[in-house]
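J.: Given the coordinates of chain Y, work out where chains D, V and E should sit on it, guided by the hints.
Protein chains: 4
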Amino acid sequence: MQVALIRYTPEPEATVAAAARLCYSRVGAMEILEKTDPAQVEKLLNHLLSSGHLSPFEHVSFTFAIEGLSRAASHQLVRHRMASYSQQSQRYVSFKKLDWVTPPTVQRKPELASAFQGLIEEVHRLYGRMVEAGVPAEDARYILPNAVCTNLVMTMNARELVHVCSVRLCLRAQWEIRELFTRVKAEVEKVAPRIGAELMIKCDRLGYCDEKESCGLYPTREGAGVKPAATGGPWL
Amino acid sequence: MQVALIRYTPEPEATVAAAARLCYSRVGAMEILEKTDPAQVEKLLNHLLSSGHLSPFEHVSFTFAIEGLSRAASHQLVRHRMASYSQQSQRYVSFKKLDWVTPPTVQRKPELASAFQGLIEEVHRLYGRMVEAGVPAEDARYILPNAVCTNLVMTMNARELVHVCSVRLCLRAQWEIRELFTRVKAEVEKVAPRIGAELMIKCDRLGYCDEKESCGLYPTREGAGVKPAATGGPWL
Amino acid sequence: MQVALIRYTPEPEATVAAAARLCYSRVGAMEILEKTDPAQVEKLLNHLLSSGHLSPFEHVSFTFAIEGLSRAASHQLVRHRMASYSQQSQRYVSFKKLDWVTPPTVQRKPELASAFQGLIEEVHRLYGRMVEAGVPAEDARYILPNAVCTNLVMTMNARELVHVCSVRLCLRAQWEIRELFTRVKAEVEKVAPRIGAELMIKCDRLGYCDEKESCGLYPTREGAGVKPAATGGPWL
Amino acid sequence: MQVALIRYTPEPEATVAAAARLCYSRVGAMEILEKTDPAQVEKLLNHLLSSGHLSPFEHVSFTFAIEGLSRAASHQLVRHRMASYSQQSQRYVSFKKLDWVTPPTVQRKPELASAFQGLIEEVHRLYGRMVEAGVPAEDARYILPNAVCTNLVMTMNARELVHVCSVRLCLRAQWEIRELFTRVKAEVEKVAPRIGAELMIKCDRLGYCDEKESCGLYPTREGAGVKPAATGGPWL
Numbered sequence: 001m002q003v004a005l006i007r008y009t010p011e012p013e014a015t016v017a018a019a020a021r022l023c024y025s026r027v028g029a030m031e032i033l034e035k036t037d038p039a040q041v042e043k044l045l046n047h048l049l050s051s052g053h054l055s056p057f058e059h060v061s062f063t064f065a066i067e068g069l070s071r072a073a074s075h076q077l078v079r080h081r082m083a084s085y086s087q088q089s090q091r092y093v094s095f096k097k098l099d100w101v102t103p104p105t106v107q108r109k110p111e112l113a114s115a116f117q118g119l120i121e122e123v124h125r126l127y128g129r130m131v132e133a134g135v136p137a138e139d140a141r142y143i144l145p146n147a148v149c150t151n152l153v154m155t156m157n158a159r160e161l162v163h164v165c166s167v168r169l170c171l172r173a174q175w176e177i178r179e180l181f182t183r184v185k186a187e188v189e190k191v192a193p194r195i196g197a198e199l200m201i202k203c204d205r206l207g208y209c210d211e212k213e214s215c216g217l218y219p220t221r222e223g224a225g226v227k228p229a230a231t232g233g234p235w236l
Numbered sequence: 001m002q003v004a005l006i007r008y009t010p011e012p013e014a015t016v017a018a019a020a021r022l023c024y025s026r027v028g029a030m031e032i033l034e035k036t037d038p039a040q041v042e043k044l045l046n047h048l049l050s051s052g053h054l055s056p057f058e059h060v061s062f063t064f065a066i067e068g069l070s071r072a073a074s075h076q077l078v079r080h081r082m083a084s085y086s087q088q089s090q091r092y093v094s095f096k097k098l099d100w101v102t103p104p105t106v107q108r109k110p111e112l113a114s115a116f117q118g119l120i121e122e123v124h125r126l127y128g129r130m131v132e133a134g135v136p137a138e139d140a141r142y143i144l145p146n147a148v149c150t151n152l153v154m155t156m157n158a159r160e161l162v163h164v165c166s167v168r169l170c171l172r173a174q175w176e177i178r179e180l181f182t183r184v185k186a187e188v189e190k191v192a193p194r195i196g197a198e199l200m201i202k203c204d205r206l207g208y209c210d211e212k213e214s215c216g217l218y219p220t221r222e223g224a225g226v227k228p229a230a231t232g233g234p235w236l
Numbered sequence: 001m002q003v004a005l006i007r008y009t010p011e012p013e014a015t016v017a018a019a020a021r022l023c024y025s026r027v028g029a030m031e032i033l034e035k036t037d038p039a040q041v042e043k044l045l046n047h048l049l050s051s052g053h054l055s056p057f058e059h060v061s062f063t064f065a066i067e068g069l070s071r072a073a074s075h076q077l078v079r080h081r082m083a084s085y086s087q088q089s090q091r092y093v094s095f096k097k098l099d100w101v102t103p104p105t106v107q108r109k110p111e112l113a114s115a116f117q118g119l120i121e122e123v124h125r126l127y128g129r130m131v132e133a134g135v136p137a138e139d140a141r142y143i144l145p146n147a148v149c150t151n152l153v154m155t156m157n158a159r160e161l162v163h164v165c166s167v168r169l170c171l172r173a174q175w176e177i178r179e180l181f182t183r184v185k186a187e188v189e190k191v192a193p194r195i196g197a198e199l200m201i202k203c204d205r206l207g208y209c210d211e212k213e214s215c216g217l218y219p220t221r222e223g224a225g226v227k228p229a230a231t232g233g234p235w236l
Numbered sequence: 001m002q003v004a005l006i007r008y009t010p011e012p013e014a015t016v017a018a019a020a021r022l023c024y025s026r027v028g029a030m031e032i033l034e035k036t037d038p039a040q041v042e043k044l045l046n047h048l049l050s051s052g053h054l055s056p057f058e059h060v061s062f063t064f065a066i067e068g069l070s071r072a073a074s075h076q077l078v079r080h081r082m083a084s085y086s087q088q089s090q091r092y093v094s095f096k097k098l099d100w101v102t103p104p105t106v107q108r109k110p111e112l113a114s115a116f117q118g119l120i121e122e123v124h125r126l127y128g129r130m131v132e133a134g135v136p137a138e139d140a141r142y143i144l145p146n147a148v149c150t151n152l153v154m155t156m157n158a159r160e161l162v163h164v165c166s167v168r169l170c171l172r173a174q175w176e177i178r179e180l181f182t183r184v185k186a187e188v189e190k191v192a193p194r195i196g197a198e199l200m201i202k203c204d205r206l207g208y209c210d211e212k213e214s215c216g217l218y219p220t221r222e223g224a225g226v227k228p229a230a231t232g233g234p235w236l
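Protein chains in written order, with our numbering: chain Y, 1 to 236; chain D, 1 to 236; chain V, 1 to 236; chain E, 1 to 236.
Any given hint might turn out to be false.
Put simply, identical chains are the same to the list, so a pair is met inside one copy or across any two.
Under the rule of at most 30 Å between Cα atoms (straight-line distance), these lysine-lysine pairs were calculated in the DSS-like manner [stated by the list, open to error]:
(1) K109 - K43
(2) K97 - K35
(3) K43 - K185
(4) K97 - K190
(5) K190 - K43
(6) K190 - K96
(7) K35 - K96
(8) K212 - K43
(9) K96 - K185
(10) K96 - K109
(11) K97 - K109
(12) K43 - K97
Simulated from the structure, these hints should not be mistaken for laboratory data. The model shown is predicted, which means the values in this text are computed figures rather than measured ones.
So that you can see chain Y by itself, here it is in the shape it has in the complex (with noise of 0.2 Å):
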């Protein structure tokens, strides 16, 4: 899997600050833009995120080429309906060479991999033999395995990216999405460090798992004597 930040809002930050400053200011955001130093801009944007007042945090986006993702994990990021995504279309490309996806479970017993291996190969033999015989590409593809690799572009906004990582993070969500957005919050790190640093599995943020077992990393709510609230649960 190859991740890498394509493009983004230039000053990510500041403009998030701007835009924050703005709702409790006399003058426009283009005064403001010119008024605010670095330091400033640091000490909003914790307070923002402290206070849960993400809005401002609509207004930067990041964009993605994301490529050697497979379909199984695509069909899940795709879910995710506050972004915007390009992606390789399986109707109009026709696969001459498969790339595909192993999972480590797998690798790890070589009988099993080599059989998965095997069996991937002769999907693919099966959907040229289809190909070849008029079948057209779309319907080919009934017969290649959720493991086959993707490319998308995605694009979010810091809003959403910060939603997105409290729950892909998570060490329960599936290894490869997690995978993806680890790889996203690097990226995100290297452009908008304080942005970056919010891109964080829930429990980081509740100081417990919210979940109904925990995978020991954080105490339940219950575990970690978490007065129940009215009813429901302090998700995010």
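T.: What follows is chains D, V and E alone, placed relative to chain Y:
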């Protein structure tokens, strides 16, 4: 202000439960709907809400007739984007009779309340003069105050209602929008008691206030002795 | 594939009409609902649809149980973001029995159809061996093909249904998602005939095809003698 | 009114082109970005726009500082939900100085314009008296008129800009919001000429007016001799 629930997805709580069970089931939604009894529905909704698994709540939506809300409040209301609104137009409706909202803090000061009323009546007279002189209603309305009443039809799904109430039922929220969602909650409780019970202010769920300053209902996070997370805070 | 409409906003067309009339009315939605008769509803919906005033159609939503759709089609389906989905999980459900979709273009070639079936059965055997050997279902499924069936609950409002059908009923759309929305349309027609009638392919509305190449049902824009606009085209 | 483009996705048109090409390509976005020259970008954007393939345009967004817009116009503006807004708060900002917008139709009638100004000044005096008497700014503002100015930061992606301009540049749109998007278009044209050119009124794209009554710029659909579709109309 009048708020009436005029339409909603039938059997809302059974619908949420069926959608949630489908994700973990070998069989489809129709079979699940037949086989799920009310006790299971309640148990499942409790589990979903305590774990923050809220997406099944999107399948049920609630449509409200709202009358007599000020334009001050409606401008705030329509900032919630995961909802559908149809609103009385000040461009196309010409107001021969004017209704408005007087804030309680003004009502409590008789001299100001009287000046407030007198000035709105004067505004209405100028509005009428402008319309008579051929100024389009859409331009004459520039003189109308924020206090003027509007009517809306609003549709929100249950997931968004949970979110919006978590911020708009806050004692620090603007009083009129808080009254609106207090009435929304009362309407939902009549037809979907478990969902209605979940329409609560965020501090009721967290056990503390995550804003900079608390209204006093709950201590702040620091006051409650909740260990600060890595960075940021456990906002909802 | 099975598609059943399991829930919808009661009296959908009267609801749309009431929301639309509210915008131009001095009175609120409750009074409008009482005073609007079916003939007025039909006339108003015709007007809204011919002028493209579609926002009132958001107030009514339709919830479908979808069974036996391939994962190839579901991956396309969930790209429509103005909708809510609950989908059978391949992470949490382990598939002792496997159902799949064979494309008609494959079915029509007996030798390929037989190879297709044989290979999926082989895939299912390896899947079973992996699960037995302790590979988590979420990893074993990497070998499962796009053809495998999934179940969903899907909720869309009427405005989005109009949009999605305009592109997915196209004869150039992927055949399985076209069949899905053909069934969706049939279900909507039973309970909301005017809305159901509006679920149509975009060329039926335009009178010509706005794609580069037409399927032949309608001429292209140039072929139809429609004068090119300043730039761009009259897409829906 | 002042509108300034303060941030945008760098190289917006090349970004759209790369995302679009990815869907049909064996290679990923990074390689495509390297290999696409400006002539190809323009050709591809023309194709996408003439076919209505607009999703790649979501990857680029534009952030504007808007100053001196009336609250009448901002209430309309924020009804567009596929965008992000930060707006000057009338709850938290107390207005010692009041700026407002006088509609041209009022300005043209000196006697009314004078009454309009006088009454707003009187409103401002009462606002000041209320604030001094301890009425919170959030309540005192109920007397403030729609004409009062507001400042915003607004972010929209290019796809939404195309949509919003198609309806808000209409000669029948409210004059102030039309002026806003005329300025937005001018700003976009400076940095993304092909996208800027596509920010056009819907009748420029259709070649006729799809509203009930035309402003005269184009004939209605019937007047243009466009054969009515099965039902409904070719709205954008």
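J.: Could you check the structure against the hints above and give me the numbers of any it violates, in ascending order?
T.: 1, 4, 6 and 9
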